[in-house]
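With the sequences and hints as input, model every part of the structure.
Sequences listed follow chains R and C, in order.
Numbering-wise, our numbering comes out as the position in the first sequence, counting from 1, plus 81.
Numbering-wise, our numbering comes out as the position in the second sequence, counting from 1, plus 126.
Simulated from the structure, these hints should not be mistaken for laboratory data.
Ideal placement from N, C-alpha and C gives every residue a C-beta, glycine not left out.
One thing to keep in mind: the hints can contain errors.
[What the hints assert, rightly or not] Computed footprint of chain R on chain C, listed as stretches where at least three residues anywhere in the stretch have a Cβ under 8 angstroms from a Cβ of chain R: (1) 188 to 195; (2) 231 to 242; (3) 255 to 265; (4) 320 to 332.
[To be verified] Listed below are the simulated DSS-like cross-link pairs for lysine-lysine, each with C-alpha atoms no more than 25 angstroms apart in a straight line: (5) R:Lys203 / C:Lys240; (6) C:Lys186 / C:Lys247; (7) C:Lys186 / R:Lys203; (8) C:Lys247 / R:Lys203; (9) R:Lys132 / C:Lys269; (10) C:Lys240 / C:Lys289.
[To be verified] Quick list of simulated restraints, FRET-style, between CB atoms: (11) C:Lys329 / R:Asn148: 40 to 50 angstroms; (12) R:Gln125 / C:Ser220: 40 to 50 angstroms; (13) R:Asn148 / C:Ala258: 39 to 49 angstroms; (14) C:Asp251 / R:Thr128: 38 to 48 angstroms; (15) C:Val183 / R:Thr128: 32 to 42 angstroms.
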Amino acid sequence: MIGLRACGGALIVMVMSTASVAAQTAVPAGHIKVAVAPAYIVRQNTTIPAKAGDPVFATDTLRTQANGAIGVTLADDTRVSLGPDSEMRLERYVFAPADGALGMVLNFVRGVAAYVSGRMAKLSPDSVRLETPAAIVGVRGTTVAIKVGS
Amino acid sequence: MARLSRLKSGLSARCLAAATALVAAACGGARVAPATPAPPPSPPALIALLPDPDTGVTGKIRVSNEFGALMVDTPRAATNVTAHAAPGPLKTISEDEVTRLFGLALQALPPAPKHFTLYFKFESDTLTDESARKIPEVLDAVKRLAVPEVVVIGHTDTMGEAKANVTLGMKRATAVQKVLESAGIDPGLIQVASHGEADLLIKTKDNTPEPRNRRVEISVR
Chain R
82 MIGLRACGGA LIVMVMSTAS VAAQTAVPAG HIKVAVAPAY IVRQNTTIPA KAGDPVFATD
142 TLRTQANGAI GVTLADDTRV SLGPDSEMRL ERYVFAPADG ALGMVLNFVR GVAAYVSGRM
202 AKLSPDSVRL ETPAAIVGVR GTTVAIKVGS
Chain C
127 MARLSRLKSG LSARCLAAAT ALVAAACGGA RVAPATPAPP PSPPALIALL PDPDTGVTGK
187 IRVSNEFGAL MVDTPRAATN VTAHAAPGPL KTISEDEVTR LFGLALQALP PAPKHFTLYF
247 KFESDTLTDE SARKIPEVLD AVKRLAVPEV VVIGHTDTMG EAKANVTLGM KRATAVQKVL
307 ESAGIDPGLI QVASHGEADL LIKTKDNTPE PRNRRVEISV R
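Here it is as C-alpha cells:
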C-alpha cells in the first residue's frame, strides 16, 4: 500500500510538473547570442544546430562538441556560456517578478562553462542554483566558472 | 498530451511493478531483489569565483554537497570538489590559469546587457527631458549587437494595490515602446513587460510614494 500511495504521489507531481513545463515553453527563457559550430540545442529528444538568435526554453539542453561554443542571455539578463565538449541543461527557469515567481536551475553536466548573474540573483539569490554532479553552487553574484570532469 | 499519457502509462506500469514486488515480499517470496547496479562515478568539478567581467567586483558563492559547504568570496578563489567529500580547500588561481582553464567558455559569454532607466514627467506619459535624451544611446546600443533584443520593463512605486501597479507598469512600458518604435527601432526586437511594484529601485515600505521607483528600465542585449 505504501508503495502504491507513493506512486500516486509521484504521479501527481509528474502531472503537475508536466503542466508547468507546458506553461513555461510558451515564453522563451532566453536567446542564443553566440554559437560556434558544432553547437546544439537538445529539446525533447530532438537535436537542432544552435544559431545566434534562437530561443532557448526551460528544460532544453545545450551541447557543444570539439571547437564548439555557445553563449546565451536569459530573460533576467543572466548570461551563461559553454566552451567545447560541454553540456548544460536548463533544468528550470521562471522569471515573473510581478507574480512573485522566480527560479533558475542550471545543471552543468560536463565541460567548461561561465555564468554571470542577472536580475534574478539580485531579487532572490536563493532562487538561483548551479548544479554539478559533485556539488551545488548558490550564487550571491556574479561571475562563476565551472569545469566538470577531470 | 501524448507526452502526458505516455508518462502516465509509464508510471502506472511502474506502480504495478512496485505493487507486484510488494505483494511478492509480503508473501514471503524467497527471491532476492536484484542488486541495484552501482551508479556511474560522478565526475569532479572545479568551481571558481571570478571578478565580474564588466565591473571588476567579486561577488560571493556557496559551494555545497552532502558532506559540507564552503563560502567563496575572494577573486579567482577556486575549489576542486568530488562527490565523496566536502568542498575545499580553497586555492587562488592566477589569471593565466583562468584563461587556460576557462578561456574558451569566457570568450563565448554574450556582451553584457546595457541598461537605461527612463522617467516620466509628473502624472504624464511623456518622458522627462533628460530621459528623452537617452533614446539615441538606446538606438546606438541596439546597432552594436548582432542579434539584439530590447526589453522594456515598467515599474511603479508601492502606492496602491500590487495588481493595479502591474497594469500601471505595463502602461509606462508601452509608452516607452512607442517612443522607441517612432525613433526607428524594429518593433519585432522589442519585448514589453511590467514588474509592477515587485522590483523597486529604492526599497520602501508598502504605500510609499517614491518618484525614483516610477520608472521604465530598458535592457538592450
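Results for each hint:
1. 188 to 195: holds (count 4)
2. 231 to 242: holds (count 9)
3. 255 to 265: Violated: only 0 residues of the region 255 to 265 of chain C have a Cβ under 8 angstroms from chain R.
4. 320 to 332: Held - the region 320 to 332 of chain C has 5 residues with a Cβ nearer than 8 angstroms to chain R, which meets the minimum of three.
5. R:Lys203 / C:Lys240: holds (17 angstroms)
6. C:Lys186 / C:Lys247: violated (39 angstroms)
7. C:Lys186 / R:Lys203: holds (12 angstroms)
8. C:Lys247 / R:Lys203: With Cα atoms ~28 angstroms apart, Lys247 (chain C) and Lys203 (chain R) exceed 25 angstroms; violated.
9. R:Lys132 / C:Lys269: Within the cut-off at roughly 19 angstroms; holds.
10. C:Lys240 / C:Lys289: The given pair, whose Cα atoms are some 28 angstroms apart, is violated under the 25 angstroms limit.
11. C:Lys329 / R:Asn148: 40 to 50 angstroms: The hint (40 to 50 angstroms, Cβ to Cβ) holds, given that Lys329 (chain C) and Asn148 (chain R) are roughly 46 angstroms apart.
12. R:Gln125 / C:Ser220: 40 to 50 angstroms: Distance hint for Gln125 (chain R), Ser220 (chain C) holds at roughly 42 angstroms.
13. R:Asn148 / C:Ala258: 39 to 49 angstroms: Once the Cβ atoms are compared, 46 angstroms apart, the range 39 to 49 angstroms for Ala258 (chain C) and Asn148 (chain R) holds.
14. C:Asp251 / R:Thr128: 38 to 48 angstroms: holds (46 angstroms)
15. C:Val183 / R:Thr128: 32 to 42 angstroms: Holds: the Cβ-Cβ distance is about 38 angstroms, inside 32 to 42 angstroms.
In the structure shown, a violation is registered for the earlier hints numbered 3, 6, 8, 10, in ascending order.
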